[in-house]
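Here is how the chains run, residue by residue.
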Amino acid sequence: MADGAFVADAEPEDAPLPPPFPTGGRGAAPSAAGPADPWTAPAASACPACAVAPLALAQGQAAADPGRMVFSLPGVHCAACIQTLEPGLERLSGVRSARVNLSLRRVSVEADPGVTPGDLIAAIERLGYEAHELDAGLLSVTETDRQGRDLLMRMGVAFFAMMNVMLLSVAVWSGASDATRDTFHWISAAIALPTVVFAGQPFFRSAWASLRVWRLGMDVPISLAIILASSISLYETMHSGHHAYFDAAVMLTFFLLAGRYLDHRTRAAARSAAEELAALEVPRARVLRGDEEVEVPVAELAVGDLVRVRPGGRMPVDGVVTEGTSEVDRSLLTGESLPAFAGPGTPLAAGEVNLTGPLTLRVTAAGRDSSLHRMADLVAVAEAARTRYTSLADRAARAYSPIVHIVSFTAFGVWMWITGGDLRVAVNISAAVLIITCPCALGLAVPAVITSASGRLFRKGLLIKQGTALERLAEVDAVVFDKTGTLTMGAPQPTDLEAIPPRAFAVAAALASASAHPLAVSLAAAARTAGIRPAPVTDLREVPGMGVEGRLEGRRVRLGRAEWCGADPAPVTATYLCRGEGRAPLAIPFADRLRPGAEAVVAGLQAQGMRVILLSGDAAGPVADLAGRLGIADWQAGVLPGEKAARVEALRAEGAHVLMVGDGLNDTAALAAAQVAVSPASALEAARPASDIVLRGQDVAPIADALRIARQSVRRIRENFALSALYNVVAVPVALVGLATPLLAALAMSLSSITVSLNALRLR
Amino acid sequence: MEILTILIPVSLLLGGAGLAAFFWALKRGQFDDPEGNAQRILRTDYDDKPKG
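So the sequences go chain by chain: A and B. Count along the first sequence starting at 1, add 815, and that's the number in this note's numbering. Note that this note's numbering numbers the second sequence so that position 40 is 21, with each residue one more than the last.
Please keep in mind that the hints were generated in silico from the structure rather than gathered at the bench. Small disclaimer: the values here were computed from a predicted structure and weren't measured. Idealized CB from N, CA, C, for every residue including glycine. Keep in mind that the hints are not guaranteed to be accurate.
Claimed, not checked - Anything over 10 Å on all C-beta distances counts as not near chain B; from chain A, calculated:
| no. | residue |
| --- | --- |
| 1 | Arg883 |
| 2 | Arg964 |
| 3 | Ser992 |
| 4 | Glu1115 |
| 5 | Met1231 |
| 6 | Ala1314 |
| 7 | Asp1440 |
| 8 | Leu1455 |
As the list claims (entries may be wrong) - Simulated restraints on C-beta separations:
| no. | chain 1 | residue 1 | chain 2 | residue 2 | range |
| --- | --- | --- | --- | --- | --- |
| 9 | B | Ala1 | A | Glu1110 | 50 to 58 Å |
| 10 | B | Ser(-8) | A | Gly1056 | 46 to 54 Å |
| 11 | A | Thr1225 | B | Ala6 | 44 to 52 Å |
| 12 | A | Asp1292 | B | Tyr27 | 49 to 57 Å |
Model the full structure from these sequences, guided by the hints.
Next up, the structure:
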C-alpha cells in the first residue's frame, strides 16, 4: 500500500544529467516533499492493514500566521533554559510573547511585523543558545496534530466507559442476580454501545479498508471481536442471560487505542523531526537582473541567470564561474578536506561553499533540471526498498489474523454440531475465543517498546525517522563511516604549533586575522589561545583565491596558497607563510578536529564485535592518520561516491548488515544502499532524507548506544510476542471448551497488556 | 438497594465531569508539551506571588 504510493510519487524522470549535486532549499521543494512522504506514509504501522486513517496527510491547510516565528533550539533541556529564554525574548521590543516547547525543543515567538528572524536568532544567541529558523508554514502540520488529539479523545472516552462498566461488572461477578444483574447489564449497554461506536472507529475504518482490498489485516479480527462482543452481550441482556461482555468490548477498545496512540506518537515525533530538518534551510539566491542584485528563492532561478555568491555562502545551483576568483570548500560533496581554487571558467556544483572572494556564476542547471531530481529518485528507491522490510509486527499480524479466524470459526462449527444447532451457544463461544485471544497485548507489544526505545534515544540525541529503523539497526554487524563531517568536525585546526617560531607565528596571526577563510580563522583563534600578540603588519589586503598579504618593516609578507608563496605544496591541508628576504616559506599544517565521541564510538562498536570500516573521498594522508588515531584497520581513501555505494552493496552481498554513517552528498548513494543509515543534523539536505536516524547534537558516541538499545528492544518485542502467545495458549483452550467467562476475559486481557507494557519499560 | 438509584447516576456524573475536564484540557493544548510542563514547576518566578 504505502510503498507503492511513494514510488509513484517520485516520477522517474530526466535521468541522464551531469554529476553536480545541488543543495536543496526552495529548489529542493520537490525533494523536501518527496522524501518526506514515506515518513508520513503509514509504513511503520503495527500491522499491514493498520493504516488507521491517512495520517495527517490532509492537515497542511493551517496557514502560517505572519507574526509567528518558530525556532529550533537544540540546546534547551531544563527549567533554567525556559526561565532565561522566555523573559529574555519578551524583553525585546516588538515581541509580544515567547513560549518554549521543551518536548519539541522549539520556541515559538509572536512578534510585530518589524521584527526579523535574524534579530531573534541574534537575541537567542546572546542568551547563550543555538537557534535555527524553521519554516512556520512547513511546521503547521505538527503544531495542529489533530490525528493525535483525536486518538487521545477516543482513548479518554474508552477509559471513562471502561471504568464505569467495570464497576457494574464487578457487582455482577460478585453475585448480583436476576433483576439487579439485568439492570446492571442494561446500564453497561447504555455506556458501552455508544463508546464502542465512537471510540472503535479507527479500527472499523481500517478493517473496512483492508477488507475492501481482500486482505485480512490485524484490525479485522479486532473489529470482529468488538462488534461480536457488543452484539452478543446486547442479545444476552435482552434475554436476561448470565454473561455480558460489555466490559471486554470496551477494555479491548481502550487497550488497543493506547497501542495505536503510542504508535502515532512515535511516528508524529519522527515526522516533526523530519519537517524540522526540511524547514531548517530557507534558501535564497542573489541574482543579477540588469544592474540590480535581487534576492529570489532558489526555485525561481533559470539556466543562464547570473548568481552572486558571497564569501561564506553556499552555491545555490550548478554553474560556471564568470567573474571573480576564490577558493571553494568541496568537503560536503567529495569529502576532500583541501579547499580548491575557483576562477573564471571553473564549473561549480551546488552545495560547495565559497570561501574567500565573491563569485558570479552562470547557472547551468537549476531546480528540476538539476541533478536534484536524480538525488530524489535515488532516495526514493532506497525508501521503497526499506518500506518493503517486513517488521516483526507485520510478521506477527500475518500469522495472527488467519489463525484467530480459523480457530474461532472452527469453534463455531464444532459447537453447532455438538449442541445440535444451538446458535446462541456457538456464537457465544466463538466470540469468547475472539475476545480472549487478546489482540490487545499484540497491539501493544511493538508500540510500547518502540516508544520506550525512541524516547531513550531522543534523550541521547538521536532522532528516529522510521519505525522499522530500530529493528534493522538491531541486525547490524558492520559499520561504515565517512570521514569529513562525520568522524571529524569538518573544521580544520592547526597542528604542530610548537614547531612554528614565535616571530613567524606573530606575523601569521596578524595576517590570518584579516581573512574569513576557515584556515585563517582557525589559525587566528589558535594564536589567541596561545597568547601570541599579532605583529604590526600594515596594508593588509586579501587576494581572493590566494590568501592575505601585508607589509611588515617594509617587507611584503604573505599567508596563503602554496603556489602563491612559491612553496611546494605538502600532501596535507596547510597554509603557507612567506616573509620574503630569502627565508624559506613556512608551511603551517592543519588537521581536522575529531568529532566529540568519535574515539568512544569506534571503540564501543569494536567492543561490540562490529566490523568498522572507514571510507573517505579525502586524500590518503589525512585518512590514514585518522584511521590510525581511531584504531580502524579497514580504511580506504579517495573513494568516489559511486564506489562507496558499490562497497556497501558488496558488503551486503557478502551477507553483512551494514550501518552507514555519513553526511555529505558523496555519501548519499551509500546511505541509501545501506541497511540502516545515520547522519548528523549538519548533513546536507540530500543526505538527511536518505538516512533513518539523525544525530541532533555534535557527539557521535550515541551511535554505539543506539545499536545496543536497538538489539535490546528487538529482544523485548520478541519477549512481548512470546508473552501474549503464552496467555493465548492458556486461555484459548478454556474458551474453546466453553468455560470462558467475562471475568476470565477481563483478567487475561488486562494482565497480558500490563505485563507487555511493563516489559517494554525494562529497556535500559 | 434503593440507594443504587442515587449512587449509579452520581458515579456516572462524576466520571462524566472527569471526561469533560479531560476534553477541555485536550482542546486547550495542555498535553502539547509534557516535558516542558514537568520542568516549569521548578521555576522560581512565581514563588512569592502568583502571576498577576
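A quick look at each hint next to the structure:
1. Arg883: holds (15 Å)
2. Arg964: violated (6 Å)
3. Ser992: holds (12 Å)
4. Glu1115: holds (36 Å)
5. Met1231: holds (38 Å)
6. Ala1314: At roughly 49 Å from the nearest Cβ of chain B, alanine 1314 of chain A sits farther out than 10 Å, so the non-interface label holds.
7. Asp1440: At about 42 Å from chain B, aspartate 1440 of chain A clears the 10 Å cut-off, so the statement holds.
8. Leu1455: With a cut-off of 10 Å, leucine 1455 of chain A remains clear of chain B, as the shortest Cβ separation is near 44 Å.
9. B:Ala1 to A:Glu1110: 50 to 58 Å: Holds, since alanine 1 of chain B and glutamate 1110 of chain A (Cβ atoms, about 52 Å apart) stay within the stated range.
10. B:Ser(-8) to A:Gly1056: 46 to 54 Å: Violated - the Cβ-Cβ distance for serine -8 of chain B and glycine 1056 of chain A, about 24 Å, lies outside 46 to 54 Å.
11. A:Thr1225 to B:Ala6: 44 to 52 Å: holds (47 Å)
12. A:Asp1292 to B:Tyr27: 49 to 57 Å: About 54 Å separates the Cβ atoms of aspartate 1292 of chain A and tyrosine 27 of chain B, which means 49 to 57 Å holds.
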